[in-house]
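A.B. asks: Using the sequences and the hints given, assemble the complete structure.
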Amino acid sequence: MEALIDKLGSLWPEIVLLMGAVSCLVTGLNHNPLARKLTPWVAALSIGVASLLVAVVPPAGAHPLGFDGLPGFIKLITLGIALLLLGLAAGVPDALLQHRKTESSPIFDAGNSVKGEFYAFFLLSITGVLLTAGATDLVWLFLALELVSLPTYIMIAVTRDTKLAQESAVKYFFLGAMSAAVFLYGFALIYGATGYTEFDAIRSLVAETGPTPLLIVGVILSVLGLCFKVAAVPMHVYAADVYQGAATPVTAFLAFVPKTAGFVGLMLILGLVGWPLPPVLVAMLAVIAVLTMTLGNVLAAVQSNLKRMLAYSSIAQTGYLTLGLIAGPVAGAAVSLGEGVAPVTQPTGNGLAAILFYLPAYGLATIAGFAILAALWVDRGENPDPDDDEAQTFDAVSGLWHRHPFLAALLVVSMLSLVGLPPLAGFIGKVMLGTSIAQAGLIPLLIVLVINSAISAAYYLRVVIVCFFGDDAEATHVRPTPLRFAAAMVAAVGALALGGYAGAPLAQSAHEAVRGHAVANETPAVADASE
Amino acid sequence: MNLNVAILVPLLPLIGAALCAVCCWKHAWAKASYPICAASIGLSFVVTLLLTLGGADGAVQLYEWIGIAHGTPADDAAGAAASGGISIAVRYFFDPLTLLMLFVVTGVGSMIAVYAGGYMQGDEGFPRFFAGVALFIFAMTTLVMADNLVLLFLGWEGVGLCSYLLIGHYFQKDYAVAAAKKAFIVNRVGDFCLLIGLFLLFDKYGTLSLHGTETTKGILQAATDSLKATGGTGSGDAIDTWIPMLLMAGAFGKSAQFPLYVWLPDAMAGPTPVSALVHAATMVTSGVYLIVRMLPVFQLSPCALVTVAAIGGFTALLAATIALCSNDLKGVFAYSTVSQLGYMFVGVGAVSSYGAVQHLYTHAFFKALLFLTAGSVMHAMAGQLDTRKMSGLLTRMPVTGGLMFVGCLALAGLPVITAGFWSKDMILADAMAAGLNDWRGYGWLYLIIAWAGIATALLTAFYTFRLWFTVFTGEERFEMGDEHHHEEHEADDAHAEGRSHGGLPHDAPHEMPWWPMNLPLAVLAIGSTVAGVALFWGMGDGFKNDHYEAIALVEPHDAHAHGNGHADHAEPHGKAGPADEANGAGGGDGYHGEPGHHLHHATFLGGDVHTTMMYVSGLLAIVGIALAAYFHWLNRGARDAAAKAFAPVVRVLQNKYYVDEFYDAVIVQPLRLAGQVFYLVDALLIDGIVKLIGWAPRLLGTGIRPAQSGRLQGYGLGMALGVALLALLGLIVWGRM
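These protein sequence lines map, in sequence, to chains A and B.
Take the first sequence: its letters are residues 1 to 531, numbered as in this note's numbering.
Take the second sequence: its letters are residues 1 to 737, numbered as in this note's numbering.
For the record, the hints were derived by calculation from the structure and aren't laboratory data.
A virtual CB, placed ideally from N, CA and C, is assigned to each residue, including glycine.
There's no promise every hint is true.
[Said to hold, decoys possible] Here are a few chain B residues that face chain A, going by a calculated C-beta distance under 7 Å: (1) E64; (2) G716; (3) M719; (4) G722; (5) L726; (6) V733; (7) W734.
C.D. replies: This is the structure we're talking about:
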């Protein structure tokens, strides 16, 4: 128990977010209109303070699995992207018909407003990611992962007053509960195999005895359960329905936040066994990766609904990311940069570093794409329904370039980064993933990655073609939401920057964040070789 | 001097380009683009000057774009090659050559940008034009500063793109669109070769960095080392010949040499400042720069340099003969640009990179001047370009006429006082010396090249002044063009006080205003005189030393025994007088004992080759000018008689040797036919297959879709089944272990 007390000191960012969540509840349901108006700013403030704390407060010390920089890295990119997501999501509850009614009526009926809940749950889910990144214990990891998902079920349900949204929230909840059961079962088996829930104890036991069959089974079930969070085969089935049903800003949230938490969870669970993974895990992950990216791309190619297309594209991206899990971390040999400069190791071949790089790269591109969709609305003519005016289809962005060249340009940047064209972030990310899998000697997987990238180009570029050469969509209009434009712009600029000058430093720090695991691993490897 | 300042050189024009692009947004902002563009290039020039004065030397790295180490870490180029790693860094390198190029690009560039403000007034695409110009300067400076060939290639493609955009500035006109496409497609051929060349370079040297870092060896050093090992005659490896040949093809595309020169004359469809900046002074010289930069790689091959020189010499002569009979004001200068670029390649090919860069430098000034004055004439004549329709304009446009006269003198190479004389003379003398010394056994070819160059010098003087005398002397006669370009902007400026147009009838040519048009031209005119070449001698000292080091690697070791040893040529050299004291021609006496000197000294017609060549080319220039004066000024009847006598020749020349027709028949039409065939194949066969393949995922998709029915139970079952199947798979793998 002393562990938890010690940990509290390193949990200040999470505590600040929780405080922010509570404050949002208070201000969001306040009968003072000004306080209600300030709610998103309260959320933004708490995210800002939390990221400042992450940057300032020193890490808790050595990570039990050697991922010394992982918590800090994940926390920073999550908070940064959360700020963009907030920019995207601000205004979502205000747009609801029932909220507008109660706002315009003389007496504010808090029961009809979801403003407080929405931002509070937003912050709670982000807190979950932060806690996941800092997890050092199976129980903690489980609770943190659930804290990521539970608020999202509610966020889906409350932010769009349509049947579709309710339906997708319920689906997401039940399937999420089922997946949680699967990985909790896995955790239980890991506990059963080792007798510990703490990572460092499990790790040292595995280092002594090697992975036992029971432990492997536990890891397999945990991985399969976590596939739900990252939307990988076989747990991907919910993605399209849920992404389509949720309000677009919430969809952007779903595309990034649970996925990040899921990949962190996967890294930690696989880190218990250590790389190189046992063949059975390699085989399973390879099958998952290949199926996920192929299925995602093939199904994305046949969509006419842009949100569904992006949902399947998000599944395909998960497939690419899974490759990094197979490759795992490498310590990298030191390269000297000349006299007086400390030697550095290059991130080349480090699969986990590739994941850590690819996550924000993917996040930025996806957010830019969803932000453009969220900034548009479609006039459906007779019986207009403010709760169902979302721009969802290819037709909605048709000819966007002629009407709103700025938005179209951002959408194009987003799509090109998702394809992985230089000089955008997606390119560098794919190069890192590809080199890591090549270095691991799994060339067939690299070939699958390249073929899938080619398939994906077809549907991503279709968006570009429609934008530039389609007939003007007369019914599509732009919402006056400067924050969404700003979020899209920042995301697009970020994608450009990560593809250019900021790419190398981020890759380097991603590498530094996880290379400790491989260094710790090297000693037994050397011992093996000498036998 | 902090080298980090150097980042500003490309950065300022980039910012300028972005701001100009923003100016396209609103009509009211359009006017602001001109000062933004001119200021950004001008500031970039100031930074270049600071760097030059500070003697910038070394590299500055912005960031490493892609770094892939493979297997063992690479401690040096050999290690990197063995491991298959690659590092692509955005890294700028400064040496005297870079600084000279930057000086030309930003210096001449800022003059032209200032001029363009006047020229482009009233144009619809005013901000678009300046965005293009600023972007061009960004790409061009990147090209010459790049330390990595990938970065250089990006700059290379960047200038190609800007050239395409600027040629197609008047995109409503079919000929401009066609010219832009032609330029782009012809350049594709060269760029493709260049790209293959880069692949081969990487294959051989394992790096694409030119100068390497503290710990790794760059391509240039590696090539120099292997040159030292193989000796002056170069290596016999096939790859060492393939690489320079491919790079050369790339350079010939960009620098408009035979057989890829056909795009440059058409490129004159762009606004005249673009012709001056992109298609005369800077971009087209980037091929010359590439070869000078990669000289060690070229020296490794026994035959690459002589090929460069031979094609350069051939192109110089070919283009000069075409220019002889062209009646298009800008066309003459376009072909003369092709011809002068040929000279530069002769220079590089004769290992006279100092001479080549010197000519590049002076040519930038006088050719920009010529184009801009031609632009003034065109502007004044409402777009008229046909020289047959203008005559005796000197009284109407005295300043323009005078400025063009200075430019023409420099192009013709009038002895001593013009810049063109010094630089051209050095190239010809060095080529002749390489021939007389029988360098690498290709002496006969170098002799032919040198004589071709001498013949070209005569033609150049003649066609240049043919043009000037036709346009500016004789009785006053003019036929205005059909572009109401300047009337428009006059209307635009109706409120501005009189300007230059005041008082003159609208349908008569008028002089350009001093600001912003004639003043920058005056600066360029000064650069076209001996003052310009003197400036180069002042700036180029460091480059000259590099140049001698490069020559020393390949000069024949038995040069002393060649009958033109030291004792011999010390004397004629002394007589060269002001030429050598200005240390332009031969490098000065002080270098005699130094290496890197023997290749370019020989006895020619009884004197030192540089001295003799000075007399010969000077004489030819004067003869050419005199002939032009006789035929086109004093006795125009004789001109017509001569034209009649040589009618068939004139016809061939006026049709540019039917090269365009030949290309059309041999390349374009077959390609078009093939395109149609391919289109049919594509439409019927490939599309069929693709549709079939396209059906597969669709079928698969629709096959899977029922699974995506949206029913919760179905999803739950699917997930459970998936888990079970994957667990089963795990079991199978486990069993096989």
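A.B. asks: None of the hints should be skipped; say for each whether it holds.
C.D. replies: These are the hints, each one checked on the structure:
With a least beta-carbon distance of about 5 Å to chain A, the hint placing E64(B) at the interface is held under the 7 Å criterion. Of the supplied interface hints, the one on G716(B) holds, with its beta-carbon coming within about 6 Å of a beta-carbon of chain A, less than 7 Å. With a cut of 7 Å, the hint placing M719(B) at the interface with chain A holds, because the nearest CB-to-CB distance is about 5 Å. Nearest Cβ of chain A to the Cβ of G722(B): about 2 Å, under the 7 Å cut. The hint holds.
The criterion of a C-beta within 7 Å of any C-beta in chain A is met by L726(B), whose closest approach is roughly 6 Å, and the hint holds. Here the hint on V733(B) is kept, as its CB sits about 4 Å from the closest CB of chain A, short of 7 Å. Here the hint on W734(B) is kept, as its CB sits about 5 Å from the closest CB of chain A, short of 7 Å.
Against the hints set out earlier in the document, no violation occurs for any number.
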